[in-house]
Structures are given as structure tokens and as C-alpha cells.
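S.K.: In case you want the letters, here they are:
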Amino acid sequence: MKKIDFILTGVGGQGTILASNVLTEVGLALGYDVKKAEVLGMSQRGGTVESHVRWGEKVYSPLIEQGEVDYLLGFEMLEAGRWPLYIKKGAMAIVNRYRIPPPAVNLGKAKYPREEEVESLLKTAAGRVLWIDAMKIAGDLGNPAVVGVILLGVLSLQVGGALDTWLEVVKRLVPAKYQELNEKAFLTGREIVAA
Amino acid sequence: MKKLMTGNEAIAYGAYLAGVRVGAAYPGTPSTEIMESFAKYPGVSSEWAPNEKVALDVGTGAAYAGTRALVAMKHVGVNVAADSLFYGVYTGLKGGLVIVTADDPDMHSSQNEQDNRNYARFAKLPMLEPADSEEAKQFVGLALDMSEKFDTPVMLRSVTRLSHSSSPVEMSAAAPPPLPAEPPLYDRNIPKYVMVPAYARQRHPVIEERLKKLAAYADSSPLNRLEPGNGSLGIIAAGVAYQYAREVFPEATFLKLGMVYPLPAKLIREFAARVQTILVVEELDPFFEEQIRLMGIDVRGKDVFPVTGELTPGLVRRYAAEAGLLEETDETTEVTTAAALAALPIRPPMLCPGCGHRGLFHVLREAGVVVLGDIGCYTLGAAPPLSALHTCGCMGASIGVAHGVARAGVKDRTVAVIGDSTFFHSGIHPLINVLYNNSSVTTIITDNSVTAMTGHQQHPGTGITLQGQQTKAVQLEKFVRSIGYEKVDVCDPYDMDNLAEVLTGHLKSEQPSVIIAARPCVLHIREKNKPPFVDPDECTDCGTCLELGCPPLMQEEDHVSIDPLLCNGCGICMQVCPVGAIIRE
Ligand SMILES: Cc1ncc(C[n+]2csc(CCOP(=O)(O)OP(=O)(O)O)c2C)c(N)n1
Numbered sequence: 054m055k056k057i058d059f060i061l062t063g064v065g066g067q068g069t070i071l072a073s074n075v076l077t078e079v080g081l082a083l084g085y086d087v088k089k090a091e092v093l094g095m096s097q098r099g100g101t102v103e104s105h106v107r108w109g110e111k112v113y114s115p116l117i118e119q120g121e122v123d124y125l126l127g128f129e130m131l132e133a134g135r136w137p138l139y140i141k142k143g144a145m146a147i148v149n150r151y152r153i154p155p156p157a158v159n160l161g162k163a164k165y166p167r168e169e170e171v172e173s174l175l176k177t178a179a180g181r182v183l184w185i186d187a188m189k190i191a192g193d194l195g196n197p198a199v200v201g202v203i204l205l206g207v208l209s210l211q212v213g214g215a216l217d218t219w220l221e222v223v224k225r226l227v228p229a230k231y232q233e234l235n236e237k238a239f240l241t242g243r244e245i246v247a248a
Numbered sequence: 026m027k028k029l030m031t032g033n034e035a036i037a038y039g040a041y042l043a044g045v046r047v048g049a050a051y052p053g054t055p056s057t058e059i060m061e062s063f064a065k066y067p068g069v070s071s072e073w074a075p076n077e078k079v080a081l082d083v084g085t086g087a088a089y090a091g092t093r094a095l096v097a098m099k100h101v102g103v104n105v106a107a108d109s110l111f112y113g114v115y116t117g118l119k120g121g122l123v124i125v126t127a128d129d130p131d132m133h134s135s136q137n138e139q140d141n142r143n144y145a146r147f148a149k150l151p152m153l154e155p156a157d158s159e160e161a162k163q164f165v166g167l168a169l170d171m172s173e174k175f176d177t178p179v180m181l182r183s184v185t186r187l188s189h190s191s192s193p194v195e196m197s198a199a200a201p202p203p204l205p206a207e208p209p210l211y212d213r214n215i216p217k218y219v220m221v222p223a224y225a226r227q228r229h230p231v232i233e234e235r236l237k238k239l240a241a242y243a244d245s246s247p248l249n250r251l252e253p254g255n256g257s258l259g260i261i262a263a264g265v266a267y268q269y270a271r272e273v274f275p276e277a278t279f280l281k282l283g284m285v286y287p288l289p290a291k292l293i294r295e296f297a298a299r300v301q302t303i304l305v306v307e308e309l310d311p312f313f314e315e316q317i318r319l320m321g322i323d324v325r326g327k328d329v330f331p332v333t334g335e336l337t338p339g340l341v342r343r344y345a346a347e348a349g350l351l352e353e354t355d356e357t358t359e360v361t362t363a364a365a366l367a368a369l370p371i372r373p374p375m376l377c378p379g380c381g382h383r384g385l386f387h388v389l390r391e392a393g394v395v396v397l398g399d400i401g402c403y404t405l406g407a408a409p410p411l412s413a414l415h416t417c418g419c420m421g422a423s424i425g426v427a428h429g430v431a432r433a434g435v436k437d438r439t440v441a442v443i444g445d446s447t448f449f450h451s452g453i454h455p456l457i458n459v460l461y462n463n464s465s466v467t468t469i470i471t472d473n474s475v476t477a478m479t480g481h482q483q484h485p486g487t488g489i490t491l492q493g494q495q496t497k498a499v500q501l502e503k504f505v506r507s508i509g510y511e512k513v514d515v516c517d518p519y520d521m522d523n524l525a526e527v528l529t530g531h532l533k534s535e536q537p538s539v540i541i542a543a544r545p546c547v548l549h550i551r552e553k554n555k556p557p558f559v560d561p562d563e564c565t566d567c568g569t570c571l572e573l574g575c576p577p578l579m580q581e582e583d584h585v586s587i588d589p590l591l592c593n594g595c596g597i598c599m600q601v602c603p604v605g606a607i608i609r610e
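Top to bottom, those sequences are chains P and U.
So for the first sequence, the working numbering puts the first residue at 54; every next one is plus one.
So for the second sequence, the working numbering puts the first residue at 26; every next one is plus one.
You can take every hint at face value.
In silico lysine-lysine, BS3-like type, Cα no more than 27 Å apart, as pairs:
| # | chain 1 | residue 1 | chain 2 | residue 2 |
| --- | --- | --- | --- | --- |
| 1 | P | 55 | P | 142 |
| 2 | P | 230 | U | 65 |
| 3 | U | 28 | P | 230 |
If you want the ones that stay clear, here's a sample from chain U, every Cβ over 10 Å from chain P, calculated:
| # | residue |
| --- | --- |
| 4 | 108 |
| 5 | 115 |
| 6 | 175 |
| 7 | 254 |
| 8 | 256 |
| 9 | 298 |
| 10 | 391 |
| 11 | 415 |
| 12 | 488 |
| 13 | 502 |
| 14 | 558 |
| 15 | 599 |
Simulated from the structure, these hints should not be mistaken for laboratory data.
All C-beta atoms, glycine included, are put in the ideal place defined by N, C-alpha and C.
Bound-form chain P, shown alone (with noise of 0.2 Å):
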């Protein structure tokens, strides 16, 4: 069994948990080793959240060394940016092409990366770089907190595993009443790059 190793990263409240936790189960079902590693401390203040997904034959750390992600999965586009040293050479990174000014932005003390400054700091490891509009989307589909399982469902195109494996992870872990929700949000995201 290869290892894969992802690195979710965003804003505090934009999802990255609940779709970490996602990951993580489907790493378990699909019957890999799994670790999940978050901080969590200040993350509802508005601060970065990042968590660490392994799946392997054996996984020991719950943190992935740099240069090891297999799939970078990017909430914000600023915060994405932040992590070419730990993509693995050649591998992917999933951008949700949107943005949240930090506060020194707002401020109008400092600039808020270009598109092309992000994608060239992710080129510097990755080998390709995937922009979704996925707030767009999630907006369109009526809920904008589905953007993560957007995200996910794009990704799992690339992993594999069975369809019926993510969905069934993707619906246990979501509320009841948002069920059929978050099912469309992933077969949509799964459509994005097939098209």
C-alpha cells in the first residue's frame, strides 16, 4: 500500500475539518493505517487552520515532513500559498480560487498575493495546480459551506477509492437535514475536472 499524504489548509470556519475528518475515514475504510494531526487553539478567531491527513501501510508521525504531500488541498488562496516546501515534488495541489484578506490587507499594509504569485510559488514543488471555483459553485448550489466537500469530491477523482466509499464517509459525518446537500456538493466537485 503507497502512502498518500494531504495537507488541508484555510481560513477558521471555512470547513477544513469536517472535510480532514472525511479524509481521514475514507483513508480507514479504504483499509490504510490513518493519522489526522490539527491544531486547533485560535483557529475561530479568524487565524490559519492547517491539518496534517496520512494514509499508509503503517503511519507513524501524525505530521507529514516537507517535501512529502502527495495533494495539497487548498481553502484560500493565500493560505495554499503558503506551503510549496512541504509539496512533494511533481504533486498536486487543489486551490479554491477565493480569497480572505488577512488583516494587514484590509488595513491596506500589505498586498494580497496575485493568482499568478500563488501559482508560482505551488509550481516550485507541484506539479500541477488545480483552481476551483468553488465558492462559486457552493453559492450556486445554495450553501456556501459546502465548499470543502467541493473540494472533495475533486480530489477523490485523483486518490481513487470507490464512489460509494467517500459518500458514504461524506454523508455519515454531515447532518442529517444536509445530506442530500453535500452529496450533489461532492458528485459536482467530481464533475468539475472530468469536464
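Model the placement of chain U with the ligand on the given structure of chain P, informed by the hints.
M.R.: Just chain U with the ligand now, with coordinates in the frame of chain P:
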């Protein structure tokens, strides 16, 4: 069947399986979810204590009564509970008692990164440290057995990377041991449980004897295990540091310690005889290293790894390579990439949109006072652009420090600012001190009706218990008046004009006084009002509103705008705009 659990959830599960009936804690990252998870199991009593010392006394009492008990706290909580920790070691107990210390190397959410393994040696009690969630579950049960067998409280150490990491845990089909049909009689044993000097003197040798027995037990315990390898390198490690080292040195021989105090001296000697070089991989203090050196065994450790911060597999690899213990890796970062990364704007935590603390700190900054502060969300009042809180050391320090500053005398006007949960934790005594020793300190209690910082836990002022029961709420105003404060005002921090006026009155007064700035945490009660908007024609782009540091306020080309999705509609910015350009329909 396996289930994914965080280290914290696994500790709670292990406690439940082992028959723990009484749990007590005070919240603190990264320990908080232990008691929250434990509270959900059937037939247990699980509660938030006002502080860690009370939690530990509650756990000790339950254990005196013969019940198994679980107490949990973050590393600095043990400082608060330390007095109780030491007596429990002297008296021993009847039922098992596990005290969880959740350390925070790298200070992800703490004011220091003290290494609480030192407490085991200092207080003379055993300490276990699991390396993943499955071990966390198992070690709790083993710790309770050990506690009863050796008649001592046992500490279980976690760190952020265990508490907040998830890994699979084997679910048990067995139910926890049943309760006795009738409550037992209390075991009255005055010489064992009354620590007056004459009896305490008798107890100390018992503890030293006990430690020797524990050390012998450590030598044969399955908690410590030798993992054979190929190389001449031997690694001694525990907890997550073991996991990092396992990953970086797949070939090495390992001595994996599950019991971090007392150390298994015989096992370590045997291990030393098998390998050429011993490398101790441990975060923070050279806790193993120094003790192993005292055994006369030479090891490498802090000459390779730093005493500060947390380790990661990447750091273990880098430091080991620098020390010649591994081949150098060719991970050179291009200078241009490094520079580009360093130039990315940071995203520090901030007070949330709609937070009442923002109104208070705006008023305090305008008043130009020195703020002797405390720990909680309101500590973010120190962050720019508000920059209006000037000290934060540990919980409950604010009022005592303010009194000391007043005693010394400074030209500036000063106030103490403390949160409601922090007040119940350790603010009461210093507030009494201000009265008793008669200084004119003004104490501002920020009452957002919850322990917000650690994720919205109940506290003695909220009227709800950890297990969701209604209970008597301690009323802050009544309480403060009842101890003798005469000048007391309750203000809404959203109403900044009124708050400023009240503050002026308090600062002028020679009396000790209290202002309660009451406004529930909007994140907790999920309150949201209609967002105002900026009229770009009226906005003079003066930047006054931006000085509130409120996330939805954004600098545009030649005016400010409000992101309606982020905005909570508190209206504080409307009050500070000098030209009335921020309006609500
Ligand atoms: C001894 C100790 N225990 C626990 C903590 C963790 N902690 C930091 S602030 C805080 C309480 C904050 O609540 P409150 O005073 O009500 O302020 P709020 O965050 O609600 O504004 C806690 C539990 C700590 N730092 N030190």
C-alpha cells in the same frame, strides 16, 4: 471494530471503560475535549471545576471514597493544582486517580511551554505518556490499575500532537465494571490521610519506598518495550517524539518508553549494552537525558535537538543530519522561494466581528489607560491596531498586578481587565485583596457569559453544568457587592459613550471599584444583526474605523467598505465614524 478518535477522546473512552465514575477539569487547550467527551458516557459524573486545583481536590475526594476518578488540565493548570498534587502523593488513595496533563510544546495556545514531566519527579509520582490514540485509551486503564496497586495518583502526559491528532482505536465490546450494590463506608484512617507534620513524616519514607517499587515495576512493565533494529544506533523516546523518530530512523533499535517516570534503569542498561550510540529524542527539557547520564550512561540528546519548541519528523531529520547521525538530505530551499514565502502577509487571530471586547478596548485606548490584563479572548486587545492591553502572564494575575502597580505608584491611570471565567478561576482572591489592602484599583470584568477562548465552555456564572443541567448561576454583580465593593457598575460594551463616561467616574474615584462589561459572546449565542454599510460619497477615508481591527472593514481604493458576509452588525464602527458615513437602513 476500529473507530477514529483524537487522543483526548481516547483518554475519555479509556477512562469510561476502566470504570471511572467521577471526572473533573477546568478547560484549557489542548486538554479541553477530554472532559467534554467523558461527560457524554452513561452513568458518569463529569464536571467543570472553577479551576484546576478544585478539579484535582474533587478527583482526590472521589478516589478517597473508593471510586476511580479522572482529572484533566492543560500543562499550566498543574501549576494551579500543584499544592493538591503533592498532598495526594503523600496520602495515597483508595480508588484509582489519573491526572492528565496536556502539554503544549511550541505554545500553539499557551503562555509558556513548560515540560510537565518534571512534575512527576518533583512530586514523586509515576507518569505515563502514550504515543497514539490506542495507547491513550489503554494507558488510562493501566494508570488506574497502577494507582490502586501502588496507592498513588498517576499522571498521564499528553501533548498537543497527541490530544489533537486522530488515529484508530479498537472499540471494546465489554461494559465497564458495575457499581457496587451499595455505597461503601468511608475508610477513616487518620494517620494516612491527615497530613500534619507527625503523620506526614511517617508518610515520606513510604513514598520513597513506593518509588523504588515503581522503578522495579518499570523494568518489567509492558509499558516500556525494546524494539530490535539493525543498526548500531539506539534511540530512547516516548510519546509523539517516538513516532517522529520511528519514521526518520527505520533501521534503529528502539527503547520505547510508555512510563516516563520513574525510568526503567535495568532495561536502559541492557539497552545500552546492545547499541553503540544512544540518541535520546525528546521535546523540551533533557528529562530522560539527565537521568540516564546520572546512571553513568553516555547519550546524545540536547547537543542534537533544541530545548525549545516542538519537534517534527522534518526537524528530527534535519538536526540528526547536522549532528552526523544521518546522511545529509538535499532539501535546499531556493532563496527566492524562501523570500517570497516570508513576504506573504500573516493571518493572526483577531477579536471576532461583533465581539463586545472590541468596544471595551476602543474605550480603554481612547482613555489612554494602562491595562493590566489577563488570559482569554480579551487578550487579543493587545494586538494591533487596538494595542490596548499591556500585560498578560497567567490566569488571574491582572488584579494582583494592578494592585502592585498601584502600591508602587505610577503617573498613568491603570485598570485591571479580567474575563468572567478567569474571574471565577482565580480573580476572586486578588479582588478581595484590593479591598483588604485598600487600593483604588478599578477592575473591569468582561462578562461574555461563557469561557470563549477555549471553545465556549460553561462556568459558575452561566447557570448550566458540563452535563447540561440547570444550576444556580453565581451573579457577578451581587457577588462583588457582597464582598464589600460599593462602587460597581454594569455596562454594555456596545454602548461606548456610556462605558467611557462610567470609566471616567471610576478612574476619578479613590474607592476600589468594579465595572462589569456585559455582552454575551456572539459566536456562542449565534447572534447576528443587520450589517451597516459605508456610503462611499460620505467616507473621507480617515481610517478611524479601521483602527477597531474588525475583519469585515476593508480598505478600498479611496474609501472603506464592509463585507456583509463577515459583518455581525454590532454597530461599533457606526459609533466611531466621525462623519457618519457608516449607516444602517
Ligand atoms: C491555568 C490555566 N488554565 C487554563 C488556561 C486556558 N485558558 C486560557 S484563557 C481561559 C478562559 C477564558 O475565558 P474568559 O476569562 O471568560 O474570557 P473569554 O475568552 O470568554 O473572553 C482559559 C480556560 C490557562 N491559560 N491557564
